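J.: One letter stands for each residue in the lines below.
Protein chains: 2
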Amino acid sequence: MNVPPDPHLVEVCVSSEPVFDGALLHVRRDHVRLPDGKLATREYVVHPGAVVMIPVRDDGRLVVERQYRYPLRQVFIEFPAGKLDAGEDALDTARRELLEETGYTATTWTRLGVIHPVISYSTEAIEMYIAQGLSHVGARLDAGEFLEIIDLGVDEMLALVDAGEITDAKTVAALLLYARRCSAP
Amino acid sequence: MNVPPDPHLVEVCVSSEPVFDGALLHVRRDHVRLPDGKLATREYVVHPGAVVMIPVRDDGRLVVERQYRYPLRQVFIEFPAGKLDAGEDALDTARRELLEETGYTATTWTRLGVIHPVISYSTEAIEMYIAQGLSHVGARLDAGEFLEIIDLGVDEMLALVDAGEITDAKTVAALLLYARRCSAP
Chain H
0 MNVPPDPHLV EVCVSSEPVF DGALLHVRRD HVRLPDGKLA TREYVVHPGA VVMIPVRDDG
60 RLVVERQYRY PLRQVFIEFP AGKLDAGEDA LDTARRELLE ETGYTATTWT RLGVIHPVIS
120 YSTEAIEMYI AQGLSHVGAR LDAGEFLEII DLGVDEMLAL VDAGEITDAK TVAALLLYAR
180 RCSAP
Chain L
0 MNVPPDPHLV EVCVSSEPVF DGALLHVRRD HVRLPDGKLA TREYVVHPGA VVMIPVRDDG
60 RLVVERQYRY PLRQVFIEFP AGKLDAGEDA LDTARRELLE ETGYTATTWT RLGVIHPVIS
120 YSTEAIEMYI AQGLSHVGAR LDAGEFLEII DLGVDEMLAL VDAGEITDAK TVAALLLYAR
180 RCSAP
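Residue numbers (numbering that gives the first Met the number 0), protein chains in the order written: chain H, 0 to 184; chain L, 0 to 184.
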């Protein structure tokens with residue numbers, strides 16, 4: 000989105016420092032000048048970006064994962080996804096993660112858009128893709144990665160969203176965008 | 000979601016420690032036992048939970064905000080939202096934030112569901128509501144809070160999603176769920 004000049008809204012960086020440099024998370028703390036000239040503190044996760052993809056089988060069913068997500072102590076139903084490696088193109092990440100996690104390659108990739116999952120405390124952007132023309136060649140999970148691959152119909156997934164059984168934001172957003180696009184005249 | 004026993008997926012906490020305690024962000028690092036018995040490290044933001052709401056005017060238009068989000072250096076179009084205070088009920092948070100940020104009270108609140116914006120590195124859950132029967136009584140922004148209130152039709156917002164101008168995940172998910180519910184037979 001092109002940001003119009005919004006001096007009544009924009010915050011300007013005064014200083015910036017790393018405050019936590021972990022194995023997974025990297026946090027910065029910035030001091031910013033508010034529109035009224037006062038100072039404030041902002042803390043946020045610096046993230047390399049990510050991808051999520053909807054792998055569509057030739058019969059129309061979608062390839063999804065069941066994966067335990069430790070922060071929430073819960074198994075989630077979610078579309079395949081992953082973080083960009085340094086310098087990696089988002090579509091290359093999508094191809095790599097689809098193969099590693101599900102064992103599928105795809106011949107046709109269509110960009111579905113981008114979402115920002117946590118605009119208040121992370122720089123993360125998630126590029127969304129539709130992957131079609133799937134061939135199963137065998138998964139190559141990273142060491143320490145445990146997940147289950149299942150397939151669900153679009154209507155089945157929508158029913159799971161309505162029942163509160165699919166709550167992962169990237170999966171809900173991508174599914175609803177895809178369902179809307181499919182039902183468009 | 001009821002988690003079925005999934006010993007082939009579940010990770011078990013071995014130890015847990017706070018590693019960053021900021022003004023806004025609180026990060027923990029846990030050591031976990033993987034399904035194969037090996038150990039791994041998990042880092043994640045501990046979050047009190049949040050709400051997002053779709054305020055629907057009597058003419059059907061939606062009350063939305065334009066707000067600068069510093070981590071992404073960008074003005075976002077988003078539904079009103081906010082974090083739970085300690086011990087606060089989610090619906091009370093929604094009433095409080097709607098009034099503080101937009102100046103509206105609502106007579107009718109309908110729960111739309113819950114989403115988890117970042118299942119890989121945050122405990123955050125966002126309760127979603129529809130707010131109807133709006134009365135404008137005047138905004139009471141917190142000190143240091145700067146935002147602009149506008150109203151948009153559902154179709155206008157969907158067009159902005161399609162154009163990539165609305166990318167905030169909670170707003171995209173809530174809007175599409177609401178649009179789908181409105182168009183359901």
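If you are wondering where the hints come from, they were derived from the structure by calculation, not from laboratory data.
As the structure is a prediction and not an experimental result, all values here were calculated from the model.
A hint or two may mislead.
Sample of chain L residues facing chain H (criterion: CB under 8 Å; computed from the structure) [said to hold, decoys possible]:
| hint | residue |
| --- | --- |
| 1 | Leu8 |
| 2 | Asp58 |
| 3 | Arg60 |
| 4 | Leu71 |
| 5 | Phe75 |
| 6 | Leu111 |
| 7 | Gly112 |
| 8 | His115 |
| 9 | Ser119 |
| 10 | Gly137 |
| 11 | Leu140 |
Here are the simulated distance ranges between beta carbons [to be verified]:
| hint | chain 1 | residue 1 | chain 2 | residue 2 | range |
| --- | --- | --- | --- | --- | --- |
| 12 | H | Asp161 | L | Gly132 | 18 to 28 Å |
| 13 | L | Asp58 | H | Asp5 | 18 to 28 Å |
| 14 | L | Thr107 | H | Asp161 | 14 to 24 Å |
| 15 | L | Gly36 | H | Arg139 | 17 to 27 Å |
| 16 | H | Phe145 | L | Gln131 | 39 to 49 Å |
| 17 | L | Val45 | H | Leu90 | 32 to 42 Å |
| 18 | H | Gly132 | L | Ala22 | 47 to 57 Å |
| 19 | H | Val13 | L | Val45 | 41 to 51 Å |
| 20 | L | Arg179 | H | Arg95 | 41 to 51 Å |
| 21 | H | Val45 | L | Val45 | 32 to 42 Å |
| 22 | L | Leu140 | H | His135 | 52 to 62 Å |
| 23 | H | Val45 | L | Gly163 | 17 to 27 Å |
| 24 | H | Asp5 | L | Thr106 | 46 to 56 Å |
The C-beta atom is built at its ideal place from N, Cα and C for all residues, glycine as well.
J.: For every hint, state whether the structure bears it out.
T.: Hints and how they fare:
{"no.": "1", "hint": "Leu8", "in the structure": "holds, 4 Å"}
{"no.": "2", "hint": "Asp58", "in the structure": "violated, 24 Å"}
{"no.": "3", "hint": "Arg60", "in the structure": "violated, 20 Å"}
{"no.": "4", "hint": "Leu71", "in the structure": "holds, 6 Å"}
{"no.": "5", "hint": "Phe75", "in the structure": "holds, 5 Å"}
{"no.": "6", "hint": "Leu111", "in the structure": "violated, 10 Å"}
{"no.": "7", "hint": "Gly112", "in the structure": "holds, 6 Å"}
{"no.": "8", "hint": "His115", "in the structure": "holds, 5 Å"}
{"no.": "9", "hint": "Ser119", "in the structure": "holds, 6 Å"}
{"no.": "10", "hint": "Gly137", "in the structure": "violated, 18 Å"}
{"no.": "11", "hint": "Leu140", "in the structure": "violated, 11 Å"}
{"no.": "12", "hint": "Asp161/H - Gly132/L: 18 to 28 Å", "in the structure": "holds, 24 Å"}
{"no.": "13", "hint": "Asp58/L - Asp5/H: 18 to 28 Å", "in the structure": "holds, 27 Å"}
{"no.": "14", "hint": "Thr107/L - Asp161/H: 14 to 24 Å", "in the structure": "holds, 20 Å"}
{"no.": "15", "hint": "Gly36/L - Arg139/H: 17 to 27 Å", "in the structure": "holds, 21 Å"}
{"no.": "16", "hint": "Phe145/H - Gln131/L: 39 to 49 Å", "in the structure": "holds, 44 Å"}
{"no.": "17", "hint": "Val45/L - Leu90/H: 32 to 42 Å", "in the structure": "holds, 34 Å"}
{"no.": "18", "hint": "Gly132/H - Ala22/L: 47 to 57 Å", "in the structure": "holds, 49 Å"}
{"no.": "19", "hint": "Val13/H - Val45/L: 41 to 51 Å", "in the structure": "violated, 27 Å"}
{"no.": "20", "hint": "Arg179/L - Arg95/H: 41 to 51 Å", "in the structure": "violated, 32 Å"}
{"no.": "21", "hint": "Val45/H - Val45/L: 32 to 42 Å", "in the structure": "violated, 18 Å"}
{"no.": "22", "hint": "Leu140/L - His135/H: 52 to 62 Å", "in the structure": "holds, 54 Å"}
{"no.": "23", "hint": "Val45/H - Gly163/L: 17 to 27 Å", "in the structure": "holds, 23 Å"}
{"no.": "24", "hint": "Asp5/H - Thr106/L: 46 to 56 Å", "in the structure": "violated, 33 Å"}
Of the hints listed earlier, those the structure fails to meet are numbers 2, 3, 6, 10, 11, 19, 20, 21, 24, in rising order.
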